[in-house]
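J.: Start counting the sequence shown at 775; every next residue gets the next number (the numbering used here).
For the record, the hints were derived by calculation from the structure and aren't laboratory data. What you are looking at is a predicted structure, and each value in this text was computed from that prediction instead of being measured. Treat the hints with care, since some could be wrong.
Between beta-carbon pairs, the in silico distance windows are [unchecked claim]:
| no. | residue 1 | residue 2 | range |
| --- | --- | --- | --- |
| 1 | V846 | A914 | 24 to 32 Å |
| 2 | A793 | A893 | 18 to 26 Å |
| 3 | E841 | E818 | 29 to 37 Å |
| 4 | V800 | R830 | 31 to 39 Å |
| 5 | V851 | R811 | 57 to 65 Å |
Positions of the beta carbon are idealized from the N, C-alpha and C atoms, including for glycine.
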Amino acid sequence: MELLPESEEMGTAARERAAREVRELVSRYRISETDLRRVLHEVEREREKQALIESRKAEQAHRLARERALHVARQLVEFWRIEPRELAGRLSSPTQPDAMPAVKYRHPVTGESWNGMGAQPEWLRRALGKEGYRVAELRADSSTAAEDS
Numbered sequence: 775m776e777l778l779p780e781s782e783e784m785g786t787a788a789r790e791r792a793a794r795e796v797r798e799l800v801s802r803y804r805i806s807e808t809d810l811r812r813v814l815h816e817v818e819r820e821r822e823k824q825a826l827i828e829s830r831k832a833e834q835a836h837r838l839a840r841e842r843a844l845h846v847a848r849q850l851v852e853f854w855r856i857e858p859r860e861l862a863g864r865l866s867s868p869t870q871p872d873a874m875p876a877v878k879y880r881h882p883v884t885g886e887s888w889n890g891m892g893a894q895p896e897w898l899r900r901a902l903g904k905e906g907y908r909v910a911e912l913r914a915d916s917s918t919a920a921e922d923s
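Throw the hints in and build the complete structure from the sequences for me.
T.: See the structure below:
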C-alpha cells in the first residue's frame, strides 16, 4: 500500500483518492468511529506541534536576519562614517510624510542632479567616467567641493 504519491503533487484528485482509501480501510478492518476520531485527533495534535515548530524556526530566522542586518548597518556606518543626521529622515515614524532629500550631486554643465538615493544615475557615471569629472566637482555643496580639491 502506497501512503504518499511519488510526486509531491497533492492536488484535489490525490486528496480524494487518499480519502477514499481511508474509507476502504475503515470498512475492511472495521475500524470504529472512536478509533478513527482518536487517530484524527492525534494527527491534528501533530500538525499543531509541527506548526509551532515551524513558527519558532521562522521567528529564529527573522531574529538572525535582523542581527545580521544590524551588523551590516554598523559596518557601513563605521566604514562610511555616516552621521546620525544623515539617517534621521529614515528613522522617523512611517506616518510622517518624507521630505524631498537634498540634492547631493549636480552636473555643472547640464544641471542634472541626484540626491544620493538609489542607484547612481547614468549622467553621474558618464560624468565620472567619460567626461573626467571628480566626485568633488559634482557635489552640489560647493564648500565641500572646495575642501576636497
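J.: Look at each hint and say if it fits the structure.
T.: Results for each hint:
Between V846 and A914 the beta carbons are some 28 Å apart, a value that agrees with the proposed interval 24 to 32 Å. Judged by the Cβ atoms, the range 18 to 26 Å given for A793 and A893 is violated: they are separated by roughly 53 Å. Taken as a hint, the range 29 to 37 Å holds for the pair E841 and E818, whose Cβ atoms sit roughly 35 Å apart. Range check, V800 to R830: about 35 Å between beta-carbon atoms, so the 31 to 39 Å window is met.
Separation of V851 from R811 is about 59 Å and conforms to the stated range, judged on CB atoms against 57 to 65 Å.
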